[in-house]
Amino acid sequence: MNKNLPKWVDLGVIPLLTLALAFGVSGLVVLSIGQNPIEVVQVMLQGAFNPFGIGHTLYFTTNFIFTGLGVAVAFHARLFNIGGEGQAGIAGVGVAMVMLSFNWPHWTIALLAGTMAALVFGAAWAAIPAYLQAKRGSHIVITTIMFNLIATAVVGYLLVGPMQAEGSLPESPRFPAGAALPSLHDILAVFGMEFDKFAPANISFFLALIAAFLVWVLIWKTRLGYEMRAFGHSERAAVYAGISPLKITMVAMLLSGALSGMMAVNTVQGEAERLVLGAVEGAGFIGIAVALMGRSHPVGVVLAAFLFGILTQGGAELQFTLGVPAQMITVIQALIIMFTGSLENMVRIPLEKFFISAGKKGAAT
Amino acid sequence: MSVTTENAGRLDAVAPAIELIGINKAFGPVQANKNISMTVAKGAIHGIVGENGAGKSTLMSILYGFYKADSGKVKINGVLTEITDSRAAIAAGIGMVHQHFMLVENFTVLENVILGAEDGRTLGPSRRRARKELKRLADEYELDVNPDGVIEDISVGFQQRVEILKALYRQAEILILDEPTGVLTPDEADHLFRILRNLKEQGKTIVIITHKLREIMDVTDTVSVMRRGEMTTTIATNTTSPEDLAEAMVGRRVLLEVDKAPPKVGETVMEVRNLSVTDIHKVKRLKNVSFELKRGEILGIAGVAGNGQSELLEVIAGIGAASGGEIVMHGESIDVSKHANAQLRRRRGIGHVPEDRHQRGLVMPFMTWENTTFGYHNEPEYSKGFGLANQKYMMEDARGKMERFDIRPPNPQLVASHFSGGNQQKIVLAREIERNPDVLLIGQPTRGVDIGAIEFIHQQIVNLRDAGKAILLVSVELDEIQALSDRILVMFDGEIQGERLPENTNEGELGLLMAGVDPETGK
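Chains A and B, in that order, are what the protein sequence lines are.
For what it's worth, numbering that gives the first Met the number 0 labels the leading residue of the first sequence as 0, then goes sequentially.
For what it's worth, numbering that gives the first Met the number 0 labels the leading residue of the second sequence as 0, then goes sequentially.
For the record, the hints were derived by calculation from the structure and aren't laboratory data.
Misleading hints may appear alongside valid ones.
[What the hints assert, rightly or not] Here are the computed lysine-lysine pairs in the PhoX-like style, where the Cα-Cα straight-line distance is at most 25 Å: (1) B:Lys67 / A:Lys352; (2) A:Lys220 / B:Lys391; (3) B:Lys41 / B:Lys72; (4) A:Lys6 / B:Lys391; (5) A:Lys134 / B:Lys283.
Bear in mind the structure is a predicted one, so any value in this text is a computation, not a measurement.
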């Protein structure tokens with residue numbers, strides 16, 4: 000936490016300002032390809048929030064909350080888990096294997112089993128890099144990147160081999176009907192609310208919100224979270240306090256992998272109802288941006304995930320309606336990541352100066 | 000550097016070497032230097048004393064061009080000079096020896112001396128010139144070092160001489176030394192002072208920043224005292240006393256001696272037997288160290304930093320692993336392998352105030368209530384079910400500790416980095432002392448702590464001793480060891496070089512032991 004700035008500036012004004020800057024520059028980029036930025040924004044927002052679009056926006060948001068929380072948890076122990084992509088991919092395999100092995104009598108049991116599978120497989124894929132980091136000092140960034148590549152290859156192999164359904168498509172058989180999760184449409188119907196019937200958003204969205212709450216409790220209310228933060232700030236201090244670096248590295252990475260893995264419940268079980276190639280769709284990497292922008296705080300992560308959900312869905316609409324290439328959306332996302340992640344000091348330092356001089360004047364009068 | 004024309008013709012022989020006029024410098028809301036004026040005569044040794052954060056280093060950094068003053072003027076030899084960076088400072092004949100040496104570890108002495116002052120594209124001519132020049136300087140000022148020695152292989156005392164040589168090689172007429180004796184043995188410090196006196200005789204001007212009042216009395220001609228960014232007095236050294244200087248530094252009368260009654264030594268609490276430590280490079284850091292620690296005594300371990308004291312503390316505290324030997328506490332052997340855990344040590348009644356409070360003793364971005372339980376956070380009173388922390392109690396507990404140890408500001412929600420060095424150390428002490436440990440390990444209790452807080456901290460340590468606890472004190476400040484200890488062990492090169500009682504020894508003898516010399520045989 001910064002001591003020169005009030006909390007509301009640190010957590011509120013700075014992200015908003017960096018975001019505004021990112022959008023400003025994005026506007027110039029949009030202008031340069033001959034589009035009207037205002038129209039682009041209108042189309043994006045309309046696409047993200049119309050009755051059809053919102054179901055997709057929330058679906059993407061769910062993915063980003065999970066991967067963002069995954070990165071955030073590891074961040075608190077100063078571990079940079081770039082492996083969300085691979086952990087979510089392997090978790091998808093786990094979910095598919097479990098779903099395909101029973102004829103599920105009720106979705107509640109299937110959800111429980113799917114969640115367990117996603118947690119365990121996601122955590123397991125993070126376990127090896129974590130152990131190598133803790134025991135051998137192999138840098139977690141390098142190993143998790145490598146494990147992303149391995150995961151892609153493993154999933155690819157499984158989908159053209161042992162797990163492939165009949166036919167030529169690289170995908171698994173469809174899950175039994177009992178594995179299907181209630182969609183947002185089904186859930187809201189219980190309360191008499193209308194929601195798009197074909198929207199992919201499902202019950203996992205609520206799981207994501209619950210996960211965010213649990214992460215908040217873990218980091219700020221439990222002794223384990225305290226130890227993780229202590230370790231994250233200073234390993235030497237942690238050792239002094241009798242906190243085992245091996246334990247914290249393992250626990251933080253397992254939790255991180257498990258959270259990233261949870262997105263498989265949303266995508267594989269909730270939406271596709273089978274395992275397809277490239278099910279993660281880069282959400283693992285967006286999770287890094289989400290955690291950065293959300294400053295590793297669960298509330299920030301949820302808000303940032305929602306923003307990226309809007310961008311993803313609005314971007315698809317943009318491509319569809321105005322023919323703006325999909326790469327343009329990637330450019331905008333990259334600009335946001337750049338401004339919120341690495342150019343934050345551009346906004347922070349002038350603000351700090353401003354508050355210091357304002358504070359001085361306040362003290363003088 | 001620019002010389003204004005109005006001053007150009009007014010160079011005269013009696014102009015002071017340094018003249019600072021109305022220097023102001025603020026960092027954010029903190030006014031580090033307030034309207035400071037100071038004059039140092041040519042060929043004088045001038046001391047600047049003050050507590051941490053009084054603004055000494057800032058002032059010297061302005062003189063050396065690291066910082067730009069917000070307002071004020073600098074005159075060197077009577078000439079108004081604008082020092083924009085260290086290059087300009089060097090051009091103005093100012094050299095600086097930093098507290099943390101600015102040397103390239105894997106370069107030789109010669110290479111370090113010419114670094115940044117090379118004569119041309121090839122190094123040959125510079126080397127030859129530097130070698131000759133070093134020879135001359137060595138003869139003239141007792142500044143002998145082997146020009147081909149590699150920095151990482153030579154002692155700290157020699158490294159410091161290299162820093163001085165670097166400045167002289169660049170033709171410095173004014174030499175600034177920042178806390179020069181912090182890392183030296185008393186013997187090395189004496190040698191340094193001889194060098195400084197030689198330099199003075201040759202007409203060089205020396206400014207020395209220190210917090211050790213005795214050194215000021217020993218070596219300086221004039222002394223300036225700084226307090227809270229202001230210069231409170233400048234006075235001829237022979238007309239003042241350490242007590243007066245301390246008062247000027249702190250703003251009130253300070254007890255420089257520790258007030259303590261004779262110890263009531265009880266039974267042995269801890270026995271260390273043949274303890275050895277080998278580091279990852281297979282270097283022996285601790286060699287067969289044995290001693291006993293008894294109830295009601297303060298056992299002081301003297302020695303120059305890096306002679307095994309840190310390793311000794313770490314093994315006892317359960318942070319580091321021993322390669323051999325054992326520690327017995329209350330008749331029971333304790334784990335000294337790499338599986339030792341500091342939390343278990345605490346449960347056995349071993350408290351630890353670590354040498355490095357920024358890296359170990361405190362988590363700097365943690366709030367005080369989080370820091371006052373650090374290491375004890377899994378104890379039942381700080382815990383609730385489901386792995387939750389009892390934050391309400393932690394907060395209450397922190398409030399009590401802050402009050403009893405007079406930690407200011409008394410707000411448990413402030414993060415550790417908000418506090419001054421003295422208050423940070425009090426947070427650590429409060430945490431460790433209030434657990435009522437049988438053995439308290441204390442490393443460098445007053446490093447970076449202001450004089451006012453030193454008095455308080457020393458009193459707390461003595462009180463704990465009087466309550467019948469055993470205290471193992473490691474300090475590189477010989478004064479502190481002598482003032483507090485009931486028994487003194489001197490460490491050199493990982494071994495205990497000797498044991499003395501404070502009343503039967505003196506600084507000279509301890510200094511020899513610290514340098515690895517047997518005072519009787521002189522070897």
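Non-conforming hints, listed in increasing numerical order: none
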